[in-house]
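> These are the residues of each chain, in order.
2 protein chains.
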Amino acid sequence: MKQSQLFTKTQRNAPKDESSVNAQLLIRAGFADKLMAGVYTLLPLGLRVMKKIENIIREEMNAIGGQELFMPSLQPKENWLKTGRWDAMDDLYKVKDKSDREFALGPTHEEIIVPLAKKFVNSYKDLPFAAYQFQNKFRMELRAKSGILRGREFMMKDSYSFHLNEEDLDNYYEKAKTAYFNIFDRAGIKDQTYLTFASGGTFSKYSHEYQTATPAGEDIIYICGKCSLAINKEIKPEVETCPECQGKDFREEKAIEVGNIFKLGTKYSAPFDLSVKDEKGEKKTLVMGCYGIGLGRLMGTVAEVYHDNRGLIWPESVAPFAVHILSLNKNAEAEKLYNELMGKGIEVLYDDREASAGEKFADADLIGIPCQLIVSDKNMKENEVEIKNRKTGEKSFVKFSAAEIIKNLNEKK
Amino acid sequence: MKQSQLFTKTQRNAPKDESSVNAQLLIRAGFADKLMAGVYTLLPLGLRVMKKIENIIREEMNAIGGQELFMPSLQPKENWLKTGRWDAMDDLYKVKDKSDREFALGPTHEEIIVPLAKKFVNSYKDLPFAAYQFQNKFRMELRAKSGILRGREFMMKDSYSFHLNEEDLDNYYEKAKTAYFNIFDRAGIKDQTYLTFASGGTFSKYSHEYQTATPAGEDIIYICGKCSLAINKEIKPEVETCPECQGKDFREEKAIEVGNIFKLGTKYSAPFDLSVKDEKGEKKTLVMGCYGIGLGRLMGTVAEVYHDNRGLIWPESVAPFAVHILSLNKNAEAEKLYNELMGKGIEVLYDDREASAGEKFADADLIGIPCQLIVSDKNMKENEVEIKNRKTGEKSFVKFSAAEIIKNLNEKK
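These protein sequence lines map, in sequence, to chains B and X. All letters in the first sequence, in the order written, are residues 484 to 896 by the working numbering. All letters in the second sequence, in the order written, are residues 484 to 896 by the working numbering.
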């Protein structure tokens, strides 16, 4: 894409009403726009990052047998009364019809997927299965803060798994754990992300969170020095030794919850009588698990982990573009390179604007595309392009040729 | 995908509360599930069709310079008061906060994109530009009917274009017209789809709709026998001769509105004072166009146009899978073929269920994947596979080899 065509622009100053680094940088760099507290527009650059994250999650969910679907946001009150959450859930948005019929605005989808599953699951042979979606959720956060980390409206991947018994749930739950680590690995934050014991709910005593250590975190976790399992502060008083290795040596860190997985048991299947007969003809209520990742939150977390005082530094896997060409008054040559790289399937942002070299360098560093290619008079005299690594600042010069540049990029992977 | 793994199932009987063919077939075949009137879940097969449609639209929008973004559903009341639509728009869902602050639940996004554009457009040099999104819309339809054609919650592509003057809008508007025909062409319904004059609104006397002729249509259009331009019944009394060719010979058809394009003029830019100085230093309020396509409605329209008494018949471009392998007790051989075709990048649904041949044939015809491959004892004796074209019923036999099958499929394209 040509930067002159991009309708958004970078902003020199951080927005006054945002204290979090992720929102400041994402807004300044033109990835997001704040509509109101906790509600953001994803601008073209930000949406590209979100789509990369979405595809990583989709591949990992498919790899453990997840089936993608898309459920509605408008949800019947009856379903929420059935599980008791119409009154119990404090942050549920409620909408009224002209005829005063009420609906919930979906903050999560157990109330929808359980009756849906009931229509298709007739036999224990139909089990297990798992379904997931990418969907905008709504939660009435009174004090939305932390930028895009905690929103009133936010894009979420939510999966639900259905099982004949607890053993089968346990089996899938372990697969989900691995899939989640794969996702955080591919998004570039595995080294900072810890499987964390947290409060559980009705069925299992504890649930699992994925917590990414960063000073911007809203949560406090205690990381076992021996095995790296973590424990959320909220349950630390009752958990003194590591449940995994019995270690007693913990370090405290601030962290962002980037995902969570729950064993739900029959909490939601029972109210809808979602059950089958097992092989012996005995009626069994289905056992469920649920698995969530907030995509905006994950993007914000990556921004918190990867930035410096000049701007964002995207890991390649989620970067809006792979390469940023900066033309310093060399648009004919730069455009040739742009077309050649695009022709070879490389995603390129090409700064063809009439702007000073300083402005282009500053914007490129703020936007944070991993590789900058500088096409300048000086470089062209040597028939070269300068390749600058946004993260390390490392510079190298290669022949002015798309093939040579791609070779150089691949070597560095 | 293996059909035994698919959590949905086909249903023998049409749902009693659906009178439209599209909803009956989409529900029976396991593409959609009705949560309540006008609100549907897209099941895995249906979501695959929607993603195909989404990608076609995305490519055509990008081709005319559209920039994809994603705007929120929760929208500040102030913005809607500013355009007068908080009170004027009859089907606007309104949501309240705990603190009784009110929000609109977005039925369209002029109220969001105009103030957004105002943040970035500083000069006439920033024009023109166009931005679009795929986003769930909410409209309080009291009598949602016609299956997925008219929903309370529905997936929509909405684009907005911004211009310095009317000539520039006219220019983009023509490009959008072409892009829309490309979309309907690729979705397989171009021959039935007519550019239609309809009532306009404040700025231009008329707007344009894209109407697909089918007996299931809610609208009545009059198609010019000479040039194929159509006129919506609502404006026919005032338009007696064809505005394109002055023809007077019209035929009446029922039709579904699958898209619409509007010249908005300054209707939404004026209330937000979205303006720039032109080259002469004169202040100009921006001129806008907007361009919508309902994705669910497009899917429903394709279902209305392409079906027979046995079920759906998807055009290749939007089919959930390209090929449906039916194994008649030949799972070892069928699975080999499945893996080989998948390995060559073909999207395959493989019916590996323990079910009768009759059930498999009936389900395959109901689901409507364009090409059926039948692996049976009889065919295997000849080392052959039977290829059946869902649309024509034409059968052919080719060697049991992925390469031969792909060759055969490509020849028929």
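In case anyone wonders, no lab produced these hints; they're calculated from the structure. Predicted model only: the values in this text are computed from it and were never measured. Misleading hints may appear alongside valid ones.
Unchecked claim - Straight-line alpha carbon distances no greater than 16 angstroms define the calculated EDC-like cross-link-like pairs of lysine to aspartate or glutamate that follow:
| # | chain 1 | residue 1 | chain 2 | residue 2 |
| --- | --- | --- | --- | --- |
| 1 | X | K579 | B | D574 |
| 2 | B | K577 | X | E585 |
| 3 | B | K579 | X | D835 |
| 4 | X | K579 | B | E537 |
| 5 | B | K608 | X | D609 |
| 6 | X | K534 | B | E537 |
| 7 | X | K485 | B | E585 |
| 8 | B | K581 | X | D573 |
| 9 | B | K492 | X | E877 |
| 10 | X | K579 | B | E585 |
| 11 | B | K577 | X | D835 |
| 12 | X | K577 | B | E551 |
> Taking the hints in turn, state whether each one holds.
How the hints compare with the structure:
The straight-line distance between the Cα atoms of K579 of chain X and D574 of chain B is roughly 12 angstroms, inside the 16 angstroms bound, and the hint therefore holds. At most 16 angstroms may separate the alpha-carbon atoms for a hinted pair to count; K577 of chain B and E585 of chain X meet this at roughly 12 angstroms. Taking the CA atoms of K579 of chain B and D835 of chain X, the gap is about 46 angstroms. The hint is violated against a cut of 16 angstroms. For the suggested pair K579 of chain X and E537 of chain B, the alpha carbons sit about 30 angstroms apart, so the restraint of at most 16 angstroms is broken.
Under the criterion of a C-alpha separation no larger than 16 angstroms, the hint pairing K608 of chain B with D609 of chain X is inconsistent with the structure, at around 60 angstroms. Our distance criterion of 16 angstroms between C-alpha atoms is met by K534 of chain X and E537 of chain B, whose separation comes to about 14 angstroms. Only pairs whose Cα atoms come within 16 angstroms are accepted, and K485 of chain X paired with E585 of chain B is rejected, the gap being roughly 39 angstroms. Under the criterion of a C-alpha separation no larger than 16 angstroms, the hint pairing K581 of chain B with D573 of chain X is consistent with the structure, at around 10 angstroms.
The hinted pair formed by K492 of chain B and E877 of chain X fails the criterion: a straight-line CA distance of about 56 angstroms is larger than 16 angstroms. As the CA atoms of K579 of chain X and E585 of chain B are separated by approximately 13 angstroms, the hinted pair is consistent with the 16 angstroms bound. The straight-line distance between the Cα atoms of K577 of chain B and D835 of chain X is roughly 44 angstroms, outside the 16 angstroms bound, and the hint therefore fails. Between K577 of chain X and E551 of chain B, the direct Cα distance comes to roughly 30 angstroms. Violation of the 16 angstroms bound is thereby established for this hinted pair.
Of the numbered hints given earlier, the model fails hints 3, 4, 5, 7, 9, 11, 12; all others are met.
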